[in-house]
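Which chain is which? The protein sequence lines are A and B, in order. Sequential numbering from 2 applies to the first sequence in this note's numbering. Sequential numbering from 2 applies to the second sequence in this note's numbering.
Not one of these hints is a red herring.
Which copy is meant is left open, because identical chains are indistinguishable; a pair holds if it fits in one copy or across any two.
In silico DSSO-like pairs for lysine-lysine, Cα to Cα no more than 30 Å straight-line:
hint	residue 1	residue 2
1	K611	K568
2	K568	K193
3	K453	K463
4	K463	K524
5	K516	K463
6	K272	K193
7	K431	K511
8	K511	K463
9	K612	K193
10	K611	K193
11	K328	K359
12	K463	K298
13	K463	K515
14	K515	K204
15	K190	K568
16	K612	K284
17	K612	K204
18	K431	K516
19	K486	K390
20	K486	K431
The set of hints was computed from the structure by calculation and includes no laboratory data.
2 protein chains.
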Amino acid sequence: MRSLIKGLAATCLAAIILTACNNQSSSKNGALSSSAAEKVYVAPGEQDDFYAFLSGGYSGNLTVYGLPSGRMFKEIPVFSQFPTSGYGYTEETKPMLNTSFGFVPWDDLHHPDISQTNGELDGRWIFVNGNNTPRIARIDLTTFETVEIIEVPNCAGNHSSSYVTENTEYVVAGTRFAVPVPQRDMAIKDKKGNFKGALTFYKVDPETGHMNLAFQVLMPGFDYDKAHPGRGNSHGWFFFTTYNTEEASTLMEVNASQNDKDFIAALNWQKIEAYVNAGGGTKMPTSYMHNVYDETKHMATSTTITEVLTVDPTEVPGAVYFLPTPKSPHGCDVDPTGEYIVGSGKLSADVTVHSFTKMMSAIENEKFSGNAYGIPILDYEAILGGSVKSGGLGPLHTEFDAEGNAYTTFFISSEVVKWKLGTWEVVDRKPTFYSVGHLMIPGGNSRKPFGKYVVAMNKITKDRYLPTGPELEHSAQLYDISGDKMQLLSDFPTHGEPHYAAGCPAELLKGNSKKIYKLEDNKHPYAVMSPADTRVERNGNEVHVYMSMIRSHFTPDNIEGIKVGDKVYFHITNHEQDFDVPHGFAMIGANTSEVLIMPGQTKTIVWQPKKPGVWPFYCTDFCSALHQEMQGYVRVSPASSNIDLSWSLGED
Amino acid sequence: MRSLIKGLAATCLAAIILTACNNQSSSKNGALSSSAAEKVYVAPGEQDDFYAFLSGGYSGNLTVYGLPSGRMFKEIPVFSQFPTSGYGYTEETKPMLNTSFGFVPWDDLHHPDISQTNGELDGRWIFVNGNNTPRIARIDLTTFETVEIIEVPNCAGNHSSSYVTENTEYVVAGTRFAVPVPQRDMAIKDKKGNFKGALTFYKVDPETGHMNLAFQVLMPGFDYDKAHPGRGNSHGWFFFTTYNTEEASTLMEVNASQNDKDFIAALNWQKIEAYVNAGGGTKMPTSYMHNVYDETKHMATSTTITEVLTVDPTEVPGAVYFLPTPKSPHGCDVDPTGEYIVGSGKLSADVTVHSFTKMMSAIENEKFSGNAYGIPILDYEAILGGSVKSGGLGPLHTEFDAEGNAYTTFFISSEVVKWKLGTWEVVDRKPTFYSVGHLMIPGGNSRKPFGKYVVAMNKITKDRYLPTGPELEHSAQLYDISGDKMQLLSDFPTHGEPHYAAGCPAELLKGNSKKIYKLEDNKHPYAVMSPADTRVERNGNEVHVYMSMIRSHFTPDNIEGIKVGDKVYFHITNHEQDFDVPHGFAMIGANTSEVLIMPGQTKTIVWQPKKPGVWPFYCTDFCSALHQEMQGYVRVSPASSNIDLSWSLGED
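From just these sequences and the hints, can you work out the full model?
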């Protein structure tokens, strides 16, 4: 009997232990939980543990997700017009998209990187690059809005970007497509030896984050693919993978895959900084734009810059070396200690790891195997830290945890392979579905990774989610990496095509997130501080409406005296001062978009009425029980009309 | 001792029952599962049970989610430019956004409705309305792409839209903001009695889905807010809520809230159809656009239509009645049987339900309490089916399950209230976080609801998710309604602001979802069927590039002979015929966006080079291990150059 009791009790205990995850009072990520469902579930009222910022790729924007839930909290418009908020359509934000090529309302956004202090994420800003029409943008992580975009002159395919140095001294932008520098009309077949690949360094103001182009290194005309900064011992250096060292200009899939090894370029930016500070470098005429958003004025301005300081790397001794790396290397990743530089040759099975210590020693001992356009090529064997015999195919990118492990994605064999730094031993591998590109561990590109999760970003989704016709979203997969073996937790679709991501603990940002814009700080020249200041002014054919909005009316809401042929500027100030009470403004037939205006903010859209009549406007964001009543009319008279301007609220 | 054993065994059993959800082998939605986490978790490799199509509101687009996971699978561009795919930027899709006001690249998208046959969802198309610049769009549910947009003339604030009748005979579009019809220059204060509210009926071709404006009923100048069709016994009728029957034109939050009751307009469209078929109605000159996308040609064309058939409702006996409804009613919802018309007076606590049987009887017995502009007002008591004493505040919208229950959202008291049709008894209520607007049960607007889940769409998110600065996404909440009591399962953010949604079982759509466009069916005039047909042709300053793309190159990839001042059309055909292998095309400095081209498809973007030089283009969608090599160059010579056009691939 005693044993029966014991047996029952033991069974009971086992059942309780096995099923502890079901205990609703246990933490959602409690150690007892073995269920993937429980691990990714964030119950209503609870919040995610990590922010993840995923590049949108061809969307031109940056998306903000929570981990472990995989829920998208915001799409931040950066390089693309965004009808949802009016970005790129309002008068205040149109300057953000100015370039030396004119107004360019789209880009291919890659590679987010969070600002760092002492090699650790400091959560102040996030930088991203526009690949197509070369630009770097900075997003303020208190407002989650794009506040600065600067063009990259002499560049084409701004791909080995936008990574920051250990104290955010610089953000870097590298050319993928070599071009003539300066641009000129020449035969494409004469590319070899005549094109350049510019590596551009922007100085970041430590207080404001403002970027200024410090110098541009004019490298040989290879394709500079990816980059990462040195850190720790290798702080002061920057590493860039190259491919197409063949300098082919056509059928690149064949012609750029001839060389057995391409290079990682190791660039000592501190040496170049000292060189230019001492008056080195050559000023070259150029033209590029610098667009800055002023949060107090709620508007952006564009400035054209006409000169760039260029540096010939062969004129700065000891500044640049080439590290031979098999085979058409793509990812260029530096481990948290700064000792290892990982080059993923996308046409190989193995991952090549260079040792920074060995590199320095090879430089000191002049272990060169030649030079390329005057830049020393270091001896491959002399610098090799190790090679990971992965068993996979098509390595692309590597991230790191805090335990000395590296995680490399393999595009062709569709997997994430975990291996040990130093021993190069493969310790785990997990399949991805399918064709994984980048991966991200929060802080995985810093001295302090938060190695709880890895997010794999996959390129192909077919049959993975409910089908949506020929066009599908890409897909992320979340793995728990807190144990020895990776555990696949969930799939979630991504918006646009993520090329890299950056993540950080929620605690780093959530306390600093701004809730409203203070109305009293609003210095927009067309802002109105009170409904009493609202008015309509005519200046020739230009009409300026100074309007305010608050639950649930516009002031004014009846306007007369507008004529066909007028250009009407609606400058609208949201007088709410509560969190999450935006209002919108839409005008029938406007050839732009609506505007979504946050509390305390002013935005402007232009409307050019084409026909006489009485035309409505309304609030586009359901703001109160009387939202549907938040509407008004504008009377438009013929161009020849003599009706005076008038405006009112509540006067029938 | 025996009792001790019994006690232990009972405890054990209880533990096992309580924790059965932890059984990894049980179905993810198995009856034994009581865990919300398990209920919303869709394991990698499994698929969601339902599609949910959420309106994007001010995004101008429609989003596709899976339920129960809450994951967003696609954003379908409808009324807004969409840099992600090039919609609204390509030559083929720009016509989709043409209107009588010119090119309008944005709208406020509301109220998706899936096509029906015999009152049940048939999953062929989904209709949505543009609120601001009045338009109706049709999306093909085999491609999940927008294939038709038609303007609504004489309308402003196209809000009581875009609902379909029981066999998709018609899709309806109703005016929210009364305007002069036809538009004319007049004083706003003279609105009362002089403005109209047009209710427009588009005939839907049962084979192709093509819409044609059949007739437009010119109603009194109230605000027509929401609508739903009759079904079952009430098939042949359409119901529209009105507010602002005061016909105020300013400070509407006060002036449009004076009347104790406004109306639901009941419109017998079969009677009006018969009337116009017999030659009734008045043709009015107007101008509106009809944009149709041809899937075979992969391009849209716009047609201007210059006439509309209008109907004066007082000239069609028995066609239109007003049903008095307290108080500024918003939602207008018809139950699955067609017997009950639910009007949610947003300024009241109670929900008013009209009986169709009683309405017909009141009409027959001429139980009128007056008329409005010649339209009979039915006696309130005579038609009242019942009133739900909700205890809530601010009822907005109601959906239905298949068990005779209704679910109403309350914006002010932030809750979903479940009540019984017929008894009007409140049987459950659950809070929402916060300020719920619409709700959706898959099929909940049809004769056959699938009452497993209800999705509540909330307007305010603050403190619900990790903060993202002043601008936050809105939020949906998913409730399990398969039991007597609703169970909150999860929160998920929504993209844009959902105004209604439509859902259906995955099985209805997934088998019909198109995977690729067959290249052999491609009738685009600039398509190339093989790389041998690629070429570049000049016609004055216009240059047409007939280009093809396949992993991993463009044909041609070197082009010379382009000059500054040229307008270069890149017509690019994707020669892939595998699912989920799109390619993209981006050209440095192009003032549009890239294009994302699906297998078998052709798209065109224009580039106007401004400076001589050698300029790169590349694929924007990571398509193979050699994606980075999928690039090319265009040489641009000065305008005065004599260099002939030439193009090549693989010839150095």
